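J.: Based on the sequences and whatever the hints tell you, model everything.
Residue numbers (this note's numbering), protein chains in the order written: chain A, 67 to 301; chain B, 1498 to 1785.
Just so you know, these hints were derived from the structure itself, not from any lab.
None of the values given here were measured: they were computed from a predicted structure.
Errors might be hidden in some of the hints.
Here are the computed distance ranges between Cβ atoms for each label pair [claimed, not checked]:
1) A:ALA80 to B:ALA1522: 32 to 42 Å
2) A:ILE290 to B:VAL1774: 57 to 67 Å
3) B:LEU1542 to A:ALA96: 31 to 41 Å
4) A:SER250 to B:ALA1522: 49 to 59 Å
5) A:GLU72 to B:ALA1597: 39 to 49 Å
6) B:LEU1512 to A:HIS267: 57 to 67 Å
7) B:LEU1741 to A:GLU268: 33 to 43 Å
8) B:GLY1746 to A:ALA120: 22 to 32 Å
9) B:GLN1555 to A:LEU92: 14 to 24 Å
10) A:VAL85 to B:ASN1767: 50 to 60 Å
11) B:THR1517 to A:LEU92: 46 to 56 Å
12) A:PRO114 to B:LEU1766: 26 to 36 Å
We put the beta carbon where it would ideally sit given N, CA and C, even for glycine.
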Amino acid sequence: MSPFVELLAEHYQAEHPGVAIDVQGLGSSAGIRAALDGVSELGMSSRPLTAEEADQLTQMVMARDALAIIVHPTNPVTGLTTEQVRALFAGSITSWAELGGPARPVVLVSREAGSGTHSAFEELVMQGTQITSSALRQGSNGAIRQIVADNPDAIGYISLGVVDDTVRPVAIDGVTPTIAEVQSGSYRIMRPFLIVWHRDHELSPPATAFLEYIHSPAGQAELIRSGLVPGEAAP
Amino acid sequence: MRERVIRWVLLLMALGVLVTLGLIAFFIFQSGAGLIVRVGLGDFLGGTVWAPTADPPQFGILPMIIGSIWLTAGALVIGVPLGIAVAVFQVELAPAWLSAILRPTIQLLAGIPSVIYGFIGLTLLAPLVRSTLGGPGLSILTGAIVLGVMILPSVIAVSEDALRAVPASIRDGAYALGATHWQMISGVLLPTARSGIVAGVILGMGRALGETMAVIMMVGNALTLPLSPLESATTLTSNIALELAYASGAHREALFATGVVLFCMIMLLNAVATMLVRQRAFSRRTTS
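T.: Spelled out as structure tokens, the structure:
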């Protein structure tokens, strides 16, 4: 989630000269650790807190990152289970016939290693299984959408915010990805972007102001533009 | 005095080119060589799995080396015969008015940005390949066809120069021996201009090997070892460009290490080209 927070921090610092926000993306556990130990005032985490962590930390959902699994609008397959998506991207389901579609080979479209969307997909769907090497790789959500829109046999994953009507998102485990389903938590290919801080520490005025900016219409609009689903204001 | 100043300025400029090249080489090697040592040269060049963010990560670039070879070879198969044919046509057969149209058209071909070539490949050629030949469409074949067109201007321009440089006396000699126009072209003109044509081909090869943007758009970038031209592939250059944005740590080093390999390949290619051209030129001088 650090690219998104960096983006917000850049905008905020441009509007508030004199405020310095240092953003370091070292992984969720490191972010939580830093907030627990008081190394940084705010921590970032793209995974839910454990019960123990939640005892000591206050958390705020900055935004939610939901991935839509998209296919061509003419694809007869309208719903898949998480296991089926995993099997598809692992390369063990290779024909749409195995899923009730036409007897045509599946064309997988993935992101490049290192991108946030790729790591979210690996974490939420693949869960340790390797994505097959025969999957096509594209450098952006838009490029994946373009390929899926052009190819009746293709399936890919993109941020929910970038889905448009050139492609069709499939229901996962019976839930169609919509902003409401993501916010209620019933659509599962989603991860929260949390900002956490220690319960015992009073937030400094600049930190409070930055959190307010994140939840202001301007800050949320910035996140929505990046393809995220809006979060909730601080408790 | 003025002459001496100019001489020094020119010398400095020439040295500047050398220094720049040296710095580029130093920077790439410094950023990437460490990883090659850690992974082992054999495992880096010969490994078939590229999983830079897995745990533990795997850095095998063989699929990309093979992908680069496929694409470069494919581009040459399509671009070289066509390019040489156009060059011969321009020099020997084209009426002046047609030549006057063709020449700027070919030059224009070189001026089209590679992203436009990539876009044409992606939106026109890829669906055509998919619907007629099968596969994902974004494939080595699609990339090679477009790359073949992209290298045409260099192949044509250098070959044309080489053909024009063939002395009139050699042509006249062929005609005097009773050769037809075509016999003169195939038996005398092309062999005589061979070294220049080879230089043009190598120039095109370098262009094909180095092309990045258009390739990313057209070949699908899958990480398999490609076995057929209808499959998707990743090249050395396109993988660097695709992954560099979010790469950090060892992943980033591995991309620079890929750059080291690419750098060595291009150096080798240039060395071979220079040697070929020199050898031919030398043997021609000694035999004539």
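J.: Does each hint hold? Answer for all of them.
T.: Tested hints:
Between ALA80 (chain A) and ALA1522 (chain B) the C-beta distance comes to about 38 Å, which sits within the given range of 32 to 42 Å. ILE290 (chain A) and VAL1774 (chain B) have their C-beta atoms about 59 Å apart, which keeps the hinted 57 to 67 Å range intact. Hint check: LEU1542 (chain B) to ALA96 (chain A), Cβ distance near 34 Å, so the stated range 31 to 41 Å holds. For the hinted restraint 49 to 59 Å between SER250 (chain A) and ALA1522 (chain B), the CB-CB distance of approximately 56 Å keeps it satisfied.
Here the CB-CB span from GLU72 (chain A) to ALA1597 (chain B) is close to 55 Å, at odds with the stated 39 to 49 Å. Under the hint 57 to 67 Å, the C-beta atoms of LEU1512 (chain B) and HIS267 (chain A), about 59 Å apart, fit the expected range. For the hinted restraint 33 to 43 Å between LEU1741 (chain B) and GLU268 (chain A), the CB-CB distance of approximately 42 Å keeps it satisfied. The supplied range of 22 to 32 Å is met by GLY1746 (chain B) and ALA120 (chain A), whose beta-carbon atoms lie about 30 Å from each other.
Between GLN1555 (chain B) and LEU92 (chain A), the C-beta spacing of about 23 Å keeps the proposed range 14 to 24 Å intact. Against the hinted window of 50 to 60 Å, the Cβ-Cβ separation of VAL85 (chain A) and ASN1767 (chain B) comes to about 52 Å, which satisfies the hint. Between THR1517 (chain B) and LEU92 (chain A) the Cβ separation comes to about 36 Å, which falls outside the hinted range of 46 to 56 Å. At about 53 Å, the beta-carbon gap between PRO114 (chain A) and LEU1766 (chain B) misses the expected band of 26 to 36 Å.
Going down the numbered hints, you'll see the structure goes against 5, 11, 12, while the others check out.
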